[in-house]
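Novice: The primary structure of each chain is shown beneath.
2 protein chains.
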Amino acid sequence: MNFIVSKKAFYNALTIVAGAVSHNSPLPSLTGIKIDVKDNELILTGSDSNISIQTRLSNDTNEQLNLIVNEVGSIVIESRYIMEIVRKIESSEITIEIVDGSLTKISGDHAEFNINGIRSTDYPLIDFTVCEQSFTLPSKTLVDIINQTTFATSDKETRPALTGVNFKASGNELKCIATDSYRLALKTVDLDTPNTFNITIPAKSLNEVLKSLNEEKDIQVSVSNKKAQFFIDTTIIQTRLINEDYPDAERLILKDFNRFLEVDGYELLKAIDRASFIKNEGISIIKLTASPEEVIVSSRSQEVGSSEELLDGAIYQGEPIELSFSGRYVIEALRALGNARVKINFSGEMKQFIINSLVDESIIQLVLPVRSYN
Amino acid sequence: MNFIVSKKAFYNALTIVAGAVSHNSPLPSLTGIKIDVKDNELILTGSDSNISIQTRLSNDTNEQLNLIVNEVGSIVIESRYIMEIVRKIESSEITIEIVDGSLTKISGDHAEFNINGIRSTDYPLIDFTVCEQSFTLPSKTLVDIINQTTFATSDKETRPALTGVNFKASGNELKCIATDSYRLALKTVDLDTPNTFNITIPAKSLNEVLKSLNEEKDIQVSVSNKKAQFFIDTTIIQTRLINEDYPDAERLILKDFNRFLEVDGYELLKAIDRASFIKNEGISIIKLTASPEEVIVSSRSQEVGSSEELLDGAIYQGEPIELSFSGRYVIEALRALGNARVKINFSGEMKQFIINSLVDESIIQLVLPVRSYN
Numbered sequence: 016m017n018f019i020v021s022k023k024a025f026y027n028a029l030t031i032v033a034g035a036v037s038h039n040s041p042l043p044s045l046t047g048i049k050i051d052v053k054d055n056e057l058i059l060t061g062s063d064s065n066i067s068i069q070t071r072l073s074n075d076t077n078e079q080l081n082l083i084v085n086e087v088g089s090i091v092i093e094s095r096y097i098m099e100i101v102r103k104i105e106s107s108e109i110t111i112e113i114v115d116g117s118l119t120k121i122s123g124d125h126a127e128f129n130i131n132g133i134r135s136t137d138y139p140l141i142d143f144t145v146c147e148q149s150f151t152l153p154s155k156t157l158v159d160i161i162n163q164t165t166f167a168t169s170d171k172e173t174r175p176a177l178t179g180v181n182f183k184a185s186g187n188e189l190k191c192i193a194t195d196s197y198r199l200a201l202k203t204v205d206l207d208t209p210n211t212f213n214i215t216i217p218a219k220s221l222n223e224v225l226k227s228l229n230e231e232k233d234i235q236v237s238v239s240n241k242k243a244q245f246f247i248d249t250t251i252i253q254t255r256l257i258n259e260d261y262p263d264a265e266r267l268i269l270k271d272f273n274r275f276l277e278v279d280g281y282e283l284l285k286a287i288d289r290a291s292f293i294k295n296e297g298i299s300i301i302k303l304t305a306s307p308e309e310v311i312v313s314s315r316s317q318e319v320g321s322s323e324e325l326l327d328g329a330i331y332q333g334e335p336i337e338l339s340f341s342g343r344y345v346i347e348a349l350r351a352l353g354n355a356r357v358k359i360n361f362s363g364e365m366k367q368f369i370i371n372s373l374v375d376e377s378i379i380q381l382v383l384p385v386r387s388y389n
Numbered sequence: 016m017n018f019i020v021s022k023k024a025f026y027n028a029l030t031i032v033a034g035a036v037s038h039n040s041p042l043p044s045l046t047g048i049k050i051d052v053k054d055n056e057l058i059l060t061g062s063d064s065n066i067s068i069q070t071r072l073s074n075d076t077n078e079q080l081n082l083i084v085n086e087v088g089s090i091v092i093e094s095r096y097i098m099e100i101v102r103k104i105e106s107s108e109i110t111i112e113i114v115d116g117s118l119t120k121i122s123g124d125h126a127e128f129n130i131n132g133i134r135s136t137d138y139p140l141i142d143f144t145v146c147e148q149s150f151t152l153p154s155k156t157l158v159d160i161i162n163q164t165t166f167a168t169s170d171k172e173t174r175p176a177l178t179g180v181n182f183k184a185s186g187n188e189l190k191c192i193a194t195d196s197y198r199l200a201l202k203t204v205d206l207d208t209p210n211t212f213n214i215t216i217p218a219k220s221l222n223e224v225l226k227s228l229n230e231e232k233d234i235q236v237s238v239s240n241k242k243a244q245f246f247i248d249t250t251i252i253q254t255r256l257i258n259e260d261y262p263d264a265e266r267l268i269l270k271d272f273n274r275f276l277e278v279d280g281y282e283l284l285k286a287i288d289r290a291s292f293i294k295n296e297g298i299s300i301i302k303l304t305a306s307p308e309e310v311i312v313s314s315r316s317q318e319v320g321s322s323e324e325l326l327d328g329a330i331y332q333g334e335p336i337e338l339s340f341s342g343r344y345v346i347e348a349l350r351a352l353g354n355a356r357v358k359i360n361f362s363g364e365m366k367q368f369i370i371n372s373l374v375d376e377s378i379i380q381l382v383l384p385v386r387s388y389n
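Read top to bottom, the protein sequences are chains A and B.
Going by my numbering, the first sequence opens with residue 16, and the numbers climb by one from there.
Going by my numbering, the second sequence opens with residue 16, and the numbers climb by one from there.
Where hints are given, some of them may not hold.
Remember, identical chains collapse to one label, so a pair may be satisfied in a single copy or spanning two.
Unchecked claim - With a straight-line cut-off of 30 Å between C-alpha atoms, the simulated DSS-like cross-links for lysine-lysine are:
no. : residue 1 : residue 2
1   : Lys103    : Lys285
2   : Lys242    : Lys232
3   : Lys358    : Lys103
4   : Lys302    : Lys22
5   : Lys155    : Lys120
6   : Lys171    : Lys155
7   : Lys241    : Lys22
8   : Lys103    : Lys294
9   : Lys120    : Lys366
10  : Lys242    : Lys183
11  : Lys358    : Lys53
12  : Lys285    : Lys23
13  : Lys103    : Lys302
14  : Lys22     : Lys294
15  : Lys294    : Lys23
16  : Lys190    : Lys53
17  : Lys53     : Lys242
18  : Lys183    : Lys219
19  : Lys22     : Lys285
20  : Lys270    : Lys285
21  : Lys120    : Lys219
22  : Lys120    : Lys302
It should be emphasised that the hints constitute simulated quantities derived from the structure, not laboratory data.
Next comes chain A alone, as it looks inside the complex (with noise of 0.2 Å):
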């Protein structure tokens, strides 16, 4: 193996197939990146087994990359040697090559780096096949997915179900929901080919999706029973899916409401923020007290004290309600709605209360009140 390459072109995809590296792999080829070299191609790939990640430079993908390989081969060399090496040569194009087994050459300018690699041999062997179902997105529809649900799952590994959002497709429509058990956040989105499945993908992968989201562009994705993947550019993002049924969420959203709340979403969120610093046994449990004269936010503990603010600008309809609710829920719901003007739908002190955004109906947010003895 044996290559030249642009710095700046390679080291942007190291970055892209490192996020799915971790550095604690009980697997020591999984540590590294993967590098392949073909006669005209140089394909990079990273995976924790979970999420694995691959992408192909070409000279004619690639205006910038500057490939000259003089001999094809492959090679493993760990993640964060490979990352600092690349990152911190300064010239504008480095040589890789194996000198000996599987000792790899790094060098650019007056600075050489031999770095002991891991034959490819004993990478594992990662099946990119292109599944069955596809459909296609905008990027901007799979940020939105994306921002909009995965805060609202679970980080509790005891239904692994919840740690991930649920993608359920039926005929053009596709629906994303995640839900932690105390909130639930539920997506709707139009599909381009009618498309029939029901699998949950990894919170933590939709968050490694989204860093490589940057440009809007159409994104193909592609899933069977087993894995999803996202097609950008040249790259591939797979990951497995969550190998536990979802539980029917949709069914629990109440339809019928009594009480209403119209209000500028950016200026309740600051208002919750405000009265958050009054924590009981480390969580800001916020009181709303609201009837069609008034509407305020509120926060007490024995041991700190209280605050209490009006909401300026808040229109309420129905019989008067108090309830309280956690304020990390409620922050993180009305900025999945991009702090947009809301509409809070409520049936009960102690029932479920959703939170619609006025300027966009596919979205809706859930949130379960807490008890509250003050």
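Keeping the supplied structure of chain A fixed, place chain B upon it in accordance with the hints.
Specialist: Leaving out everything else, chain B in the frame of chain A:
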């Protein structure tokens, strides 16, 4: 106590004194900021008993303060609560008043916060009397002293003196020394008034002083054998001294050298940085191999591999030398010299070497080599 004040000016002053406050203080009142309201003045105090900061605010010295005192008095409020409340309140002016005992109301715009304060009589008495010995330094000189020495102090409490910077004045000369016994920094500056003292100031306190040195002005420094004081505008930063004799470290600095390397400090720093990814037990050991023909920076470990780099534009005089050192120590020394062109003076392969800036004679950095078996 009852006063109205500009939110912004008050917040800026809180930020200054909060630098001294520790949230883990064993004395509950020291987790707070003391607010003293006089007829025409606010006095804010924060302290962790090692370092104390007091700032005075009045309409005379601060045109943006807009202070209106309705009732004098004093209270102590938990630092993180008052900081968070004042920062987040959306109002140009805020009102603070004691409503009942130590319950303090902070209000602005539509928001109102009632915080359980601590009576100011529970706050320790801190003596801010000005010390007898005084001199004045331009803020830039004080910034240089702190930046060029504190990093070389020790973080181990086994020899308390080494956790501070030794300030030794004799006539119009002030010598500032820091060492952790593996490296040493010595800064020499002129004093405007003759002084004689030998004190050691905790590095932590100096770094706190540094935060307040944003503008070019003259800073009065006053010292006794118990404490040191820095007067910045209407703020006093006062620190206890380290109560252990400082070793006569200057005596250990060699004067005779027989081999010299002249090199661009920033180029050397970058070469060492590139070689530093190779660590042995967490430490980057860098080897320098120098002769009049070539100067090479290298590193090596059995496990990872090796690096080697030819230093461009280096001028070496004397018998060839080969020595190893901690990469971090030399990087920090070069950074303290402002990445200027440097002259490194050697007297032997296992003897200290001295790094001099070629543009600033007031500062020298000394580093001890380490044994290397590679």
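Novice: Now tell me if each hint is right for this structure.
Specialist: To see whether the hints hold, each was checked on the structure:
In this assembly of identical chains, the alpha carbons of Lys103 and Lys285 lie at most 30 Å apart only when taken from different copies (8 Å versus 42 Å within one copy). Only within a single protomer do Lys242 and Lys232 lie at most 30 Å apart by alpha-carbon distance; the minimum there is 23 Å, versus 64 Å between protomers. Within a single copy, Lys358 and Lys103 get their C-alpha atoms only as close as 51 Å, which misses the 30 Å cut-off; across copies the closest is 25 Å, which meets it. Taking the closest pair of Cα atoms, Lys302 and Lys22 come within 30 Å of each other only across two copies (26 Å); inside a single copy the shortest separation is 55 Å, beyond that limit.
For the homomeric pair Lys155 and Lys120, neither the shortest alpha-carbon distance inside one copy (41 Å) nor that between copies (46 Å) is at most 30 Å. Taking identical chains as interchangeable, the C-alpha atoms of Lys171 and Lys155 lie at most 30 Å apart only when both belong to the same chain, with a minimum of 29 Å there against 52 Å between chains. Taking CA atoms no more than 30 Å apart as the test, Lys241 paired with Lys22 passes in neither setting, with 36 Å inside one copy and 57 Å between copies. In this assembly of identical chains, Lys103 and Lys294 lie within 30 Å of each other by CA distance solely across copies; the values are 16 Å between and 45 Å within a copy.
In the homo-oligomer, the alpha carbons of Lys120 and Lys366 never lie at most 30 Å apart, since the shortest distance is 64 Å inside one protomer and 34 Å across protomers. Taking the closest pair of Cα atoms, Lys242 and Lys183 come within 30 Å of each other only inside a single copy of the chain (14 Å); across copies the shortest separation is 69 Å, beyond that limit. Taking the shortest Cα distances, Lys358 and Lys53 never come within 30 Å of each other, neither inside one copy (57 Å) nor across copies (48 Å). For a Cα distance limit of 30 Å, the shortest separation of Lys285 from Lys23 across copies, 18 Å, qualifies, whereas the shortest one inside one copy, 42 Å, does not.
Only between protomers do Lys103 and Lys302 lie at most 30 Å apart by alpha-carbon distance; the minimum there is 19 Å, versus 52 Å within a single protomer. With identical chains, the CA atoms of Lys22 and Lys294 are at most 30 Å apart between copies only, with a shortest distance of 24 Å across copies and 50 Å within one. In this assembly of identical chains, the alpha carbons of Lys294 and Lys23 lie at most 30 Å apart only when taken from different copies (26 Å versus 47 Å within one copy). Taking the closest pair of Cα atoms, Lys190 and Lys53 never come within 30 Å of each other, the shortest separation being 41 Å inside a single copy and 63 Å across copies.
For a Cα distance limit of 30 Å, the shortest separation of Lys53 from Lys242 inside one copy, 27 Å, qualifies, whereas the shortest one across copies, 69 Å, does not. For a Cα distance limit of 30 Å, the shortest separation of Lys183 from Lys219 inside one copy, 19 Å, qualifies, whereas the shortest one across copies, 56 Å, does not. With identical chains, the CA atoms of Lys22 and Lys285 are at most 30 Å apart between copies only, with a shortest distance of 17 Å across copies and 45 Å within one. Taking the shortest Cα distances, Lys270 and Lys285 sit within 30 Å of each other inside one copy (28 Å), while across copies they are farther apart (63 Å).
For the identical chains of this complex, Lys120 and Lys219 are neighbours neither inside a copy (34 Å) nor across copies (44 Å), given an alpha-carbon limit of 30 Å. In this homomeric assembly, Lys120 and Lys302 come within 30 Å of each other (Cα to Cα) only across copies, at 19 Å, whereas the closest approach inside a single copy is 63 Å.
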